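Asker: Numbers 113 to 221, taken from my numbering, label the letters of the sequence shown in order.
Hints are not guaranteed to be accurate.
To be verified - Derived pair list, reagent style DSSO-like, types lysine-lysine, alpha-carbon separation capped at 27 Å:
no., residue 1, residue 2
1, K127, K193
2, K162, K187
3, K185, K133
4, K127, K162
5, K193, K162
6, K215, K193
7, K185, K162
8, K185, K215
9, K215, K127
10, K187, K133
11, K133, K193
12, K127, K185
13, K133, K215
14, K187, K127
Said to hold, decoys possible - Restraint-style ranges between C-beta atoms, simulated for each label pair:
no., residue 1, residue 2, range
15, E183, I140, 18 to 24 Å
16, P141, L189, 22 to 28 Å
17, E208, E139, 17 to 23 Å
18, G125, V174, 22 to 28 Å
19, E123, V174, 37 to 43 Å
These are computed hints drawn from the structure, not numbers from a lab. Because the structure is a prediction, the values reported are computed rather than measured. Glycine included, C-beta positions come from ideal geometry on N, C-alpha and C.
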Amino acid sequence: MSEETVVDTQELGEKIVIVLKTIYDPEIPVDIYELGLIYDVFVNEDNEVKILMTLTSPNCPVAESLPAEVEEKVKSLDMVKDAEVEITFDPPWTQELMSEEAKLELGLL
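Assemble the whole structure, with the sequences as input and the hints as a guide.
Answerer: In structure tokens, the structure reads:
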């Protein structure tokens, strides 16, 4: 992998994070990235993105729409060729996964 590819992938990763921070769980006034719902973001050399994420609970009211919104918004980035979201509940989400910023926002600190 060339140096340029590494930089592009890193830059794309940062752009993906910016997009993820515009998506909110409808029940919590904190974006899904700060909530800790995003477990991993993979970008291959073809700029195909795979996002491993979870939901606050398996019965989350946006279990259908939230992953679709994530996929759609990430796909809208110019550099992204394709995006796929995989939902996992292993490990299950807990408040421990939230950033300090999210905990502050929700009055948990």
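Asker: Each hint should be assessed against the structure and marked as holding or not.
Answerer: Right, here's what the structure says about each hint:
For the suggested pair K127 and K193, the alpha carbons sit about 14 Å apart, so the restraint of at most 27 Å is met. Between K162 and K187 the CA atoms are separated by roughly 11 Å; this keeps the pair inside 27 Å, and the hint holds. Between K185 and K133 the alpha-carbon distance is near 11 Å, which keeps this suggested pair within the 27 Å criterion. The straight-line distance between the Cα atoms of K127 and K162 is roughly 14 Å, inside the 27 Å bound, and the hint therefore holds.
For the proposed pair K193 and K162, the alpha carbon gap of about 11 Å is at most 27 Å, so the pair holds. The suggested pairing of K215 with K193 is violated, with an alpha-carbon distance near 34 Å, which exceeds 27 Å. Our distance criterion of 27 Å between C-alpha atoms is met by K185 and K162, whose separation comes to about 13 Å. Between K185 and K215 the alpha-carbon distance is near 25 Å, which keeps this suggested pair within the 27 Å criterion.
At roughly 24 Å between alpha-carbon atoms, K215 and K127 fall within 27 Å of each other, so this suggested pair holds. Of the pairs offered as hints, the one joining K187 and K133 holds, with about 15 Å between alpha carbons and a cut-off of 27 Å not exceeded. Distance check on the hinted pair: K133 and K193 sit about 20 Å apart at the alpha-carbon level, within 27 Å; holds. Under the criterion of a C-alpha separation no larger than 27 Å, the hint pairing K127 with K185 is consistent with the structure, at around 11 Å.
Distance hint between K133 and K215 is fulfilled; the C-alpha atoms sit about 15 Å from each other, no more than 27 Å. Distance check on the hinted pair: K187 and K127 sit about 11 Å apart at the alpha-carbon level, within 27 Å; holds. The hinted window of 18 to 24 Å between E183 and I140 holds, with their beta carbons roughly 20 Å apart. Between P141 and L189 the beta carbon distance is about 25 Å. The supplied range of 22 to 28 Å therefore holds.
For the pair E208 and E139, the supplied restraint of 17 to 23 Å holds, since their beta-carbon distance comes to about 18 Å. For G125 and V174, the hinted distance range of 22 to 28 Å is satisfied, since their beta carbons lie about 24 Å from each other. The hint said 37 to 43 Å for the Cβ distance between E123 and V174, and at roughly 29 Å that hint is violated.
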